[in-house]
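Taken in sequence, the protein lines are chains A and B.
According to my numbering, the residues represented by the first sequence are 324 to 654, in order.
According to my numbering, the residues represented by the second sequence are 227 to 540, in order.
Some clues are possibly wrong.
[Claimed, not checked] Using 25 Å as the maximum straight-line C-alpha spacing, the simulated DSS-like pairs for lysine-lysine come out as follows:
1. A:465 to B:370
2. B:443 to A:571
3. B:256 to B:495
4. B:256 to B:282
5. A:465 to A:389
6. B:370 to B:394
7. B:391 to B:370
8. B:282 to A:651
9. A:571 to A:651
[Unchecked claim] Only part of the chain B face toward chain A is listed, based on derived beta-carbon distances under 8 Å:
10. 415
11. 417
12. 450
Derived by calculation from the structure, the hints in this document are not laboratory data.
Think of the CB as a built atom: it goes at the ideal place given N, C-alpha and C, for glycine as much as any other residue.
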Amino acid sequence: MTVGQALELVCPAGTPAALRAAVEAGAHAVYCGFNDETNARNFPGLNFSREEMAEAIAFAHRHGAKVLVALNTFPRAGAFSQWSAAVDDCARFGADAVILADLGLLEDASRRHPGLRLHLSVQAAAANADAINFYVRTFGVKRIVLPRVLTVQEIAAINREIEAETEVFIFGGLCVMAEGRCSLSSYATGKSPNMNGACSPASHVEYREEGGALVSRLGGFAIHRVAAGQPAPYPTLCKGVFEAGDYKGHVFEDPVSLDAAALIPQLAEAGVTALKIEGRQRSRAYTEAVVRSFRRALNDHAAGRPIAAGELRALTEGQQTTAGAYRKTWR
Amino acid sequence: MTPRRWEDMVADRIFNLTLGPLQFNWSAQKFVDFYAAIADEAPVDRVVIGELVCSKRAPFYADRIPAVIERLERGGKQVILGSLALVTLERERRAARELFEQTEHEVEINDLTLMNWVRDETPFSVGPLVNVYNEATLAFLAEKGARLVCLPPELPIASVDALAKAGKGCRVGVEVWAYGRIPLAVSGRCYHARAHGLSKDSCHFVCENDPDGLATKTLDGVDFLAINGIQTLSYQFANLIGRMDRLAEAGVTHLRLSPHTGDFVAVTKVFADVAASRISAREGFALLSGANPEAAFTDGFLFGNCGAAALAPF
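Next comes chain A alone, as it looks inside the complex (with noise of 0.2 Å):
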């Protein structure tokens, strides 16, 4: 086996702790957002005051660690300046990276901080070569995190035709719709990750027993049933039951997460710079624990080791999982 190529581990923090922890677990890199609707995972209790951010940003500075900062939701009209005076804070607290996915906002990033490094977020869904190289040219954008619809093999061609560096997700949730291009949040609940940083948000979430079944429901529509006393999953507007026509099921999705540990070597091959692990709203052990699982299975890669599947598995606590449109079936 020959040796791999390095690849970066780019973790989620929804909390400075849960930074801390994926630093000291190993990550390279961590990506977060501030405690507001600039990013995409704007839940209640989450995310960073700019203080924290400051200091979060120091504490990885000092642990050899990269701080990148998910600026990935569409400023609002009338309200720009709210988006554009975060952009100003990061470069300010010396972020590594801003993860944008606004047309305006790369514009306005990139002409008043031009030393600040630009991620385009997977929000902007940039699934090809040219879409890639128009932000590249336009905007400088040094890092493309690729949306979750492509296969390996177009990762790759993508890869042969761009002076950029791609990341793709890796493990966690998984949309199945191209992202930010998904308005099935704010159809049924009135709250969009586009605008409010949130998808099916739990405001609108409500359980319910009906004949003796738990009925889940979004923004009042019943997405979901099971047998009362069963674990009801959270119903997640693309990984709910509908009926189309004679097929009665998962139309979009099952509940699945996404788990393409046993592709990171054809990943590096296909030429990606860096993994992204889903998961800013999960808990401070289960960041430490995913990250500390993956970190040991990229030093096994690099070092050309087979990579232990058996312990990731074991982190999606018996859920399904998926290889997503990694896997060209998938479609």
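Starting from the known structure of chain A, arrange chain B on it as the hints suggest.
Relative to chain A, chain B alone:
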């Protein structure tokens, strides 16, 4: 009918009407017949032609497009060539590039991939699947040559107010999704194929059986969404016929009507008649309900607390 300048429309409080690209998989003959009727009878100003949803559908009617365009132009319509919504394959990238290699017709971009091929001197328009949420993005696109932007359907009226005002400042017309099932999401996966136990690559074109999309119900039996290949739409039809005064006040210049089965020429006539105050909004609403008795209507994204909020009858 001579296409009207959008600047004049603002002054007149009359909208230009755009017929958006067909979202569904219709047979070539149905495609030709639909656009023939539009060409000859529909009072729309702009017609966007081109495959939006799935590049596998395009070969079935591609050879009919030149004649359709010619007929539409003879009918006084401006024809705009629309792009695919999600470009990933080589042939899709090539098709996207070729759209900007022709100069005869304006291009509507529905994926930012197309920005790679925009030339400084070529004006273009921007479809509703491109994320234009704020003034800075609108100004950026205007600077690159955008002349008309159809806003993402999920925007609330407050954003439409701000963007229509900004559009005036940078001489970009602003359009809203006024009629038809609302595009909510695109995916790498084909849900029509999945619902039939197939995959995208061997889909048997099952989407052709659902010319307005496949209605998708919740566990309570509530009509909720409609699937259309890789696209997910609202079950409900957007219908802004009763909101024209408010949209004009905002400074919206264009309304987009999205093709469906049934008498669609009648739908376009109702919008044109209400826009020109020949009939009232109430009369218009009654006519639209009559033309499509099955349809549930919504204006929820703009005016309600969520996109699915039912439209109060009036």
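Hint check:
no., hint, verdict
1, A:465 to B:370, "holds, 22 Å"
2, B:443 to A:571, "holds, 9 Å"
3, B:256 to B:495, "holds, 20 Å"
4, B:256 to B:282, "holds, 17 Å"
5, A:465 to A:389, "holds, 15 Å"
6, B:370 to B:394, "holds, 16 Å"
7, B:391 to B:370, "holds, 19 Å"
8, B:282 to A:651, "holds, 16 Å"
9, A:571 to A:651, "holds, 24 Å"
10, 415, "holds, 5 Å"
11, 417, "holds, 6 Å"
12, 450, "holds, 6 Å"
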